[in-house]
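Each protein sequence line maps, in turn, to chains A and B.
Numbering (my numbering) for the first sequence: 508 to 1048.
Numbering (my numbering) for the second sequence: 162 to 553.
Since the hints were derived computationally from the structure, they do not count as laboratory data.
A hint or two may mislead.
As the list claims (entries may be wrong) - Label pairs and their calculated CB-CB ranges:
(1) A/ASP922 to B/ALA377: 23 to 33 angstroms
(2) B/SER381 to A/ALA1002: 30 to 40 angstroms
(3) B/LEU425 to A/ARG648: 47 to 57 angstroms
(4) A/GLY770 to B/SER381: 47 to 57 angstroms
(5) A/ARG926 to B/PRO202: 57 to 67 angstroms
(6) B/LEU425 to A/ARG807: 55 to 65 angstroms
Stated by the list, open to error - Pulled from the structure, derived: some chain A residues nowhere near chain B, Cβ distances all over 12 angstroms:
(7) HIS513
(8) LEU732
(9) ARG775
(10) LEU776
(11) ALA818
(12) ALA848
(13) MET906
(14) GLU1045
Unchecked claim - Some chain A residues near chain B, calculated using beta-carbon distances under 10 angstroms:
(15) HIS562
(16) GLY592
(17) GLY601
(18) GLU609
(19) GLU616
(20) ARG626
In this text, all values refer to a predicted model and were calculated from it rather than measured experimentally.
Even glycine gets a Cβ: it sits at the ideal position worked out from N, Cα and C.
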Amino acid sequence: MIDLEHVTVTYPGSDRPALRDVCLHIDEGELALVVGPTGVGKSTLLGLVNGLVPHFTGGRVAGRVSVAGRDTRTHAPRELADVVGVVGQDPLAGFVTDTVEEELAYAMEQLALPSPVMRKRVEETLDLLGIADLRDQPLHRLSGGQQQRVAIGAVLTAHPQVLVLDEPTSALDPTAAEEVLASITRLVHDLGVTVVLAEHRLERVVQYADRVVEVQADGTVTDGLPPAMLAATGVAPPVVELGKLAGWQPIALSVRDARRAAGGLRTRLAAVPVPDRRPPSRSGVPALSARGVVVRYGSRVAVSGVDLDLAAGQVTALMGRNGSGKSSLLWALQGSGPRQAGAVAVGGADPASLPPERARALVGLVPQTAADLLYLPTVGDELAQADRDAREAGHRPPMAARAVLDQLAGGIADDRHPRDLSEGERLAVVLAIQLVAAPAVVLLDEPTRGLDYGAKRALGRMVGDIAAGGRAVVVATHDVEFVAAFAHRVVVLAAGEVVADGPTAEVVVASPAFAPQVAKVLAPLDLLTVDEVRSALEAVG
Amino acid sequence: MTVALRRPLAGSERLPRSLHPLAWWLWALGLATAASRTTNPLLLAAILGVAGVVVASRRSDAPWARAFRYYLMIAAVIIGIRVVFQAVFGGVPGSSGHVLVTLPRIPLPSWAAGIHLGGPVTLEEVLSALYGGLRLGTLLCCVGAANALANPKRALRLLPGALYELGVAVIVALSVAPQLAESVQRVRRARRLRGAPASRRRGVVRTIAVPVLEDALDRSLHLAAAMDSRGYGRTGAVSRRSRRVTGVLLLGGMGALCLGTYGLFDSAASPALGLPVLMGGLAVCVAGLAAGSRRVRRTRYRPDPWRAPEWGVVACGVFPAVVMSVTTGGLNPSTDPAAWPGLPLVPLLAVMVAAAAAFVAPPVVARSPVARPPAAPPQVAHPPAGGAEVGT
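Make the full structure from the sequences, and use the hints.
Written out as structure tokens, the structure is:
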């Protein structure tokens, strides 16, 4: 179905190819999972399939790409629209019309299908994806999961033989991601659509993949069957890491298979004491104390009377589905967002009553779109500006922004443009800028979205270091594996209220949606991460 | 047999559906034409009332349908401005009429001769400003009624195939504006997080403009890529000759249009250059558009039908326009001397006919209640209806 023969892609202004001598053959009806660290050319590989590379992006392509017998050299993306459907990361960015039904029909209108066919296909697709009750809704009023399913439906109505999905779930909460992935696997199994899928959260999809395509840092590509590929690669979900550690053959890809293979491991580890997960103890006074925080937008209540104490040296994870009030709470705690009622005290002061340059010395916030904070042409300028701001505001930064950044993440050169950085690097720059003000409390809003396993580990380390420096850290995130590995405490919000609050192990394991893979495999043992299993195994000997 | 067939058909005309956008626009333009023919405040008020009644009874609950109220506000502002300007600048000393109030007169330097500031305000002048403002406001409200009654985006889809790209550009621009506003708001909040001290506020424009513009560019690139990969801009095979013919027709038509307009307004030009050339240019342009539309292969999903109710609504709008154009009595009541305006019966009845559009047009479709972002567990997908056909 998809054939790549010795394909090399070089973008203009770049001295080394983004993809190097790629030979790949994907059969009809396969689900090919594209993996690899961020920024290595996964999107380039996906773009090749429908000709967006090079017709839209520019660059030089050597070799030959053919899809369903059509050469992308002679066929522009629009000429392939009836064969290949493409769904991107942010569904809203790709919507052309404004209601669900019209969006589903858009591609068919372009293909000049007769009206009765369009009517029939729209109805079929609405049912196929379970969105029939949304048909006349405006697109921007849908939830993230619904929007993504509409985006998938909008390309399906053209009856493509190939579906290309570039990280379709990266902006979604676990439940919404589940909905979308369930729809995708259903298409593969029932309809025989060939799917090429790039995804960071491998733990959700790897068990459904027929083939894993790994893009290496140097632009070469290897592919093979999932168990063999994942056993060899560094980018693997916890269940695979656990399998490697325990030496299972063949390696288990799903929690179900792992649980069946883990009988021996569980007996071996039964006697191991619960690992010590307490944060380093600090003085009893909370770094931040909030009482009865209420945030309202018109008649809609986003946060309804939340009490929260944050201890210095502790990493707290804030979880809850999209729209449960996580962001509103963080902004209210920082003092820049609206707060209709309640009190926040950091070291005796309310950050909302202080001017911005003093509020940020109490509470630093890294917003969801961290890039909003950056506006200068180079990283060096940004860091220098942060130092200047801190001096002018009268903070006494313990060290310069550059030194903070190097501690967080090394090797980000001064002359790079902030927009060219990877998600993880950009996050580190923004964190460094916020830390220069030496806030007692650091809040991060969804820092894990779009990060690969390596970047998430690096972020976890950064967060741990910041907390170890005596600050209180809050991370709002959907990523249960990240929470299990790096958070001391978990607060779960639902409809603006705190529904669970306690040590990570207790909160996370008790919930089927939030339990990390290792906990699911090893229940009833109290182990959450592969690292904990590793040290437990060492203790047993 | 015929009776059995006809009954459900007749009934189906009354089923809720949205009226063809063009019908609403023609109706509103008819009403606007009627309004432009008169300065009688009673007639204008009747026209406003008719527009209000029809909007209230036949608008949907979509966001654009709430726009009518804003048009009313703008109309009020227009009337206010006109009256105030007339009062402040219009006072000419020694003018006859009933002086309502005398504003303090501000002497202006000699180079501003001819402009008066302050002075006596007479009833006659205020009335004439009021009538004029009311007429302008009513015209605006007629356009507002069309906007509230017809989905503006669906109206754009009626453009001929050759102008399809233009329509899409307008639609995309319409949806980008709110996104841009949202973007500015987000970045401004983020700027507070960086806490720029008060001494350095001058960088504000740049620090907000740069991320917002980068955001907008990113977004438009995404949208362009998405549209491209969904088949936007696919063209059928067209011969080079037909492309050339289209180009020549359009360019020639445009040129003739320009020339004709010039001829029409320049009194020194020969009369043959005016209207005839303008009409000729228009015809050539239409031919060019038709030729251009032939090369576009595109279909429309659920096109709006044009049936009896559409004809009816258009007739309701055109009727008062025709009546107002032929009658003359009582349309422009005297303001000097000021007199209570009379209410001419025939035009009033004609305006009332336009209100019948509220009954002629089919009822609006009730939308299903808005699905809130999932507070409920994810729904179970339905079994596929003929799903085996999807995907090949």
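(request) Could you tell me which of the numbered hints above are not met by this structure, giving the numbers in increasing order? (result) none
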